[in-house]
Amino acid sequence: MADFETPELTEIPVVPHIKEGVMADSKPYVAKADFQEALGFPGELVDNWEKVAVDKLGELKGKYRSLQVFLDSCVKCGACTDKCHYYLGTSDPKNMPVARQDLLRKVYRRHYTFAGKYFPKLVGAVDMTKEVLDDWYSYYHQCSQCRRCSVYCPYGIDTAEISMAAREIMDEIGVGQKYCNEIIAKVFKIGNNLGLPEPALADTLEGLEEEVEEDTGIPIKFPLDVKGADIMLVTPSADFFAEPHVDGLIGYAKVFHEAGASWTISSYASEAANFGMFIGSYENMRRVSRRIRKAAKDLGVKRIIFGECGHAWRVAYSFLNTLAGPWDFLDPNYPVPQHICEYTHDLIQQGKLKFDKSENDHMTLTFHDSCNVARASRMGDKPGGQFRIPREIIKATCNNFYDMPSDTIGEATFCCGGGGGLLTDDLMEIRVKGAMPRMQAYKTVVEDHGVTNVAAICAICKTQFAKVLPYYGFTMDQIISLHQLVGDALILSDAPSEATATESSEE
Amino acid sequence: MSIEVNGKVFETDEEGYLANLSEWEPEVAEAMAKEDGTDLTDAHWEVINFLREYYDEYQIAPAVRVLTKAIGKKLGKEKGNSKYLYELFPYGPGKQACKYAGLPKPTGCV
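Chains as they are written, first to last, in the numbering used here: chain A, 1397 to 1903; chain B, 8 to 117.
Please keep in mind that the hints were generated in silico from the structure rather than gathered at the bench.
Accuracy of the hints is not assured; some may be wrong.
Okay, derived cross-link-like pairs now, DSS-like style, lysine-lysine, Cα gap no bigger than 30 Å in a straight line [stated by the list, open to error]:
(1) Lys1457(A) / Lys1428(A)
(2) Lys84(B) / Lys1839(A)
(3) Lys1574(A) / Lys1452(A)
(4) Lys1428(A) / Lys102(B)
(5) Lys1698(A) / Lys1750(A)
(6) Lys90(B) / Lys1839(A)
(7) Lys1617(A) / Lys84(B)
Which chain A residues stay away from chain B? Per the calculated CB distances, all over 10 Å, these [stated by the list, open to error]:
(8) Gly1454
(9) Lys1582
(10) Glu1639
If the Cβ cut is set under 7 Å, some of the chain A residues that face chain B in the computed set are [stated by the list, open to error]:
(11) Thr1525
(12) Glu1578
(13) Ala1598
(14) Leu1601
(15) Gly1603
(16) Ala1634
(17) Ala1638
(18) Tyr1678
(19) Ile1856
Ideal placement from N, C-alpha and C gives every residue a C-beta, glycine not left out.
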């Protein structure tokens, strides 16, 4: 299938011996000048890039106090070394979180600490060189910013933030990553990561309406740009485009329909994802977020609900108010924003949704906690809601559910291997290898409980699973959207009797 | 990067997608497929032609359900699903078929 070896899934998880430099050649394509410039970055490597990089690092450590604390406080205890899925999957010691941090830390020490300025060799401080930059480009694109290591670090050092800072510095000197930057440029130009223009989106949604009506006999709507609707749904554009994402979108539409909600999608803000976070660029993250604000105002909606997208929920839950608030024009009776799982869960609690669980009896489910939902946000009004709510939805809609081993879910969840801007074909080796710990945990429940499918609430996770499952002996269709389960089991109260359903589908 | 077809050189991006959509000709698709070890059949061409028509109208490749529906209408319901498309284009209908059709690669979380 590819020119690298897929890691073996062992009986029990094994921490591998180090193999130095095995992933040094993994590098994503560099962004072209027009994508760089669209984001406000130089088109190519600037002349005095060493100085620009060091100055930028100085600016960032001043702006983000956390960054300086993280760079100063590591005591090299080693607690993080076996926690990163990329280390476990590749054996490359530079994928140990502490070593990944040190790639930036050693330059920070050289220029911003007393010992590093005068006795660099004693403290492992080095100058910013081409060699250092190459290492950064390679290994900061082998971090999915999933923050699992930070859970185990006694100081709470967040490698994701260091990785974001390194990427921002690289963008600033003209060395950006093609995948992320091309996508952000598309959001600015067209409104979503895919570059799906309004007429194509309208055509796609119309097609879905026909499909769902054929299936159910009910004219379930997928409204677009409806002014005065109550709810604006902001969802990853993959939900319009790809499988299994689209089945999740159909699920949301059925829930809105059954709840009798007035809702709409916006063609201007037709994207939940915000890759500005992956590249550590506050300015780009803000520009992407402001589109949501503008769309909400233009359409005059009262509420904003986010679809199944992991990092989008982190940006929405944790930063949206700062980035694009205040949201005083929305209905204060509802959280701003709300997650589609919170919305569906509330309706279930109120007894407004009825399910025929047997519709999902052909599957035995497990649930993959997406990293950004698990470790960087919450749902509902109680701690741990981001773990409990999706599982309660699954249990309300399915008879067969088993969790993966406890050290691989919840706060300790393993990343799918494709997050943080790594979901691109040019990084397939690191994606496949980084998926190993998750695949190992999945294999456990497949063997112990006969699990047949895994549900997720993140567009990246879904695409990544579909791609990597076959490498580990599973099939791509084992990954499904959580709201597919909801949509398939939901009893639609205005459903015609069997006979009329058949008639209308024959029209 | 580039690909040479019958002595004519076509510029491509790093991943082998045609740089200039308007330069596309059927022989380019055949040459690309050959590199992947595939011979294009009528079934492949149905998909490729639909992609090109759709792109011409909407400036984007069709969403998977738009594509499966169109193929289902043309070739019969049993072929209107992604399983059939993956049999034709094992690297993914979205990406591999787009490449042969001279379309840019779909970006995003897909």
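Verification of the supplied hints:
1. A C-alpha spacing of about 28 Å is found between Lys1457(A) and Lys1428(A), which places the hinted pair at or below 30 Å, so the restraint holds.
2. Straight-line distance between C-alpha atoms of Lys84(B) and Lys1839(A) comes to about 34 Å, which puts the hinted pair past the 30 Å bound.
3. A threshold of 30 Å between alpha carbons decides the hint, and for Lys1574(A) with Lys1452(A) the separation of about 21 Å falls inside it, so the pair holds.
4. At most 30 Å may separate the alpha-carbon atoms for a hinted pair to count; Lys1428(A) and Lys102(B) meet this at roughly 21 Å.
5. In summary, the hint linking Lys1698(A) to Lys1750(A) is supported, as the alpha carbons are separated by about 26 Å, within the 30 Å threshold.
6. Annotation: proposed proximity of Lys90(B) to Lys1839(A) holds, straight-line Cα distance about 24 Å (limit 30 Å).
7. Distance hint between Lys1617(A) and Lys84(B) is fulfilled; the C-alpha atoms sit about 24 Å from each other, no more than 30 Å.
8. A cut-off of 10 Å between C-beta atoms confirms that Gly1454(A) is not in contact with chain B; the least separation is 34 Å.
9. Taking the minimum C-beta to C-beta distance to chain B, about 6 Å, the non-interface status of Lys1582(A) is violated against the 10 Å cut.
10. Not every Cβ of chain B is farther than 10 Å from the Cβ of Glu1639(A); the closest lies at roughly 5 Å, contradicting the non-interface assignment.
11. With its C-beta approaching chain B no nearer than about 26 Å, Thr1525(A) sits outside the 7 Å limit, and its interface hint is violated.
12. Because the smallest distance between the Cβ of Glu1578(A) and any Cβ of chain B comes to about 6 Å, under 7 Å, the interface hint for this residue holds.
13. Checking Ala1598(A) against chain B: minimum C-beta separation of about 10 Å lies over 7 Å; hint violated.
14. Annotation: interface hint on Leu1601(A) violated; nearest CB of chain B at approximately 10 Å, more than 7 Å.
15. For the restraint placing Gly1603(A) at the interface with chain B, the shortest Cβ-Cβ distance is roughly 5 Å, inside the 7 Å limit, so the hint holds.
16. At a threshold of 7 Å, the smallest CB-CB gap from Ala1634(A) to chain B is about 4 Å, leaving the interface hint in force.
17. Checking Ala1638(A) against chain B by beta carbon gives a least distance of about 4 Å; that is within 7 Å, so the hint holds.
18. Look at Tyr1678(A): its Cβ only gets to about 22 Å from chain B, farther than 7 Å, so that hint breaks.
19. Annotation: Ile1856(A) was flagged as interfacial toward chain B, and the flag holds, the nearest CB pair being 5 Å apart, inside 7 Å.
Consistency note: the structure conflicts with the earlier hints numbered 2, 9, 10, 11, 13, 14, 18.
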